[in-house]
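Student: Sequence:
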Amino acid sequence: CNLKLSDLYLKEKFIKVEGKGSKQRLVPISSRAIRELELYFPDRNEGLIKPGYEDFVFISRFGKNISRIMVFHIIKELAEQTGLKKTISPHTFRHSFATHLLEGGANLRAIQCMLGHESIGTTEIYTHLDRSRLRQEILEHHPRNRLKN
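Just so you know, this note's numbering puts 1360 at position 143 of the sequence shown, and the rest follows in order with no gaps.
Just so you know, these hints were derived from the structure itself, not from any lab. Do not rely on the hints blindly, as some may be mistaken.
Unchecked claim - Distance ranges between label pairs, derived from CB positions:
no., residue 1, residue 2, range
1, 1355, 1300, 34 to 40 Å
2, 1302, 1360, 41 to 47 Å
3, 1259, 1290, 21 to 27 Å
4, 1218, 1251, 33 to 39 Å
5, 1354, 1221, 39 to 45 Å
6, 1255, 1295, 16 to 22 Å
7, 1314, 1241, 16 to 22 Å
8, 1243, 1287, 21 to 27 Å
9, 1341, 1267, 20 to 26 Å
10, 1325, 1298, 30 to 36 Å
11, 1286, 1249, 22 to 28 Å
As the list claims (entries may be wrong) - No farther apart than 20 Å at their CA atoms in a straight line, the calculated lysine to any residue pairs in the SDA-like style are these:
no., residue 1, residue 2
12, 1281, 1218
13, 1303, 1281
14, 1302, 1289
15, 1221, 1293
We put the CB at the ideal spot given by N, CA and C, even for glycine.
Using the sequences plus the hints, can you model the full thing?
Tutor: Structure follows, in structure tokens:
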């Protein structure tokens, strides 16, 4: 909602994010996300932007930055279009992001930094592992199991 053009460091592949307590951090952005933003920029409602809103990335049809409620609405519509029955939210994406990183082998401390958590305990809540994943870890890494194979 409040992402600004001045927060984008596309050549460096980072976005400046402001979290709770106005704490700022840099978060990596993928090449694909950069391409999508570059495709979006020409259609950004340039002619509609109201004074004072020029720096916002996502502009509504009213010429202002899109609202938090609008983001929820867009996600809900897209979920319905894809046939998802489960209710999802921006927080669902955040949780999935952390979980996928952890399952892909990312360092928990790096995930903590990207999410802007002060406590590693908060990050651990986001990154639950399902039982099949835990079983696979034992099968692959426990020394007793490796001796049998």
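Student: All hints are to be evaluated individually against the structure, with a verdict given for each.
Tutor: Tested hints:
1. 1355 / 1300: 34 to 40 Å: 35 Å, holds
2. 1302 / 1360: 41 to 47 Å: 43 Å, holds
3. 1259 / 1290: 21 to 27 Å: 24 Å, holds
4. 1218 / 1251: 33 to 39 Å: Hint violated: Cβ distance 20 Å, outside 33 to 39 Å.
5. 1354 / 1221: 39 to 45 Å: Distance hint for residue 1354, residue 1221 holds at roughly 41 Å.
6. 1255 / 1295: 16 to 22 Å: Roughly 21 Å apart at Cβ, these two residues keep to the hinted range, so it holds.
7. 1314 / 1241: 16 to 22 Å: 19 Å, holds
8. 1243 / 1287: 21 to 27 Å: Taking Cβ atoms as reference, residue 1243 and residue 1287 lie about 26 Å apart, which means the hint holds.
9. 1341 / 1267: 20 to 26 Å: 43 Å, violated
10. 1325 / 1298: 30 to 36 Å: 34 Å, holds
11. 1286 / 1249: 22 to 28 Å: 27 Å, holds
12. 1281 / 1218: Holds - the C-alpha atoms of residue 1218 and residue 1281 are around 10 Å apart, at most 20 Å.
13. 1303 / 1281: Cα-Cα ~30 Å, so violated.
14. 1302 / 1289: 15 Å, holds
15. 1221 / 1293: 23 Å, violated
Figure legend: structure checked against the earlier numbered hints; hints not met, in rising order: 4, 9, 13, 15.
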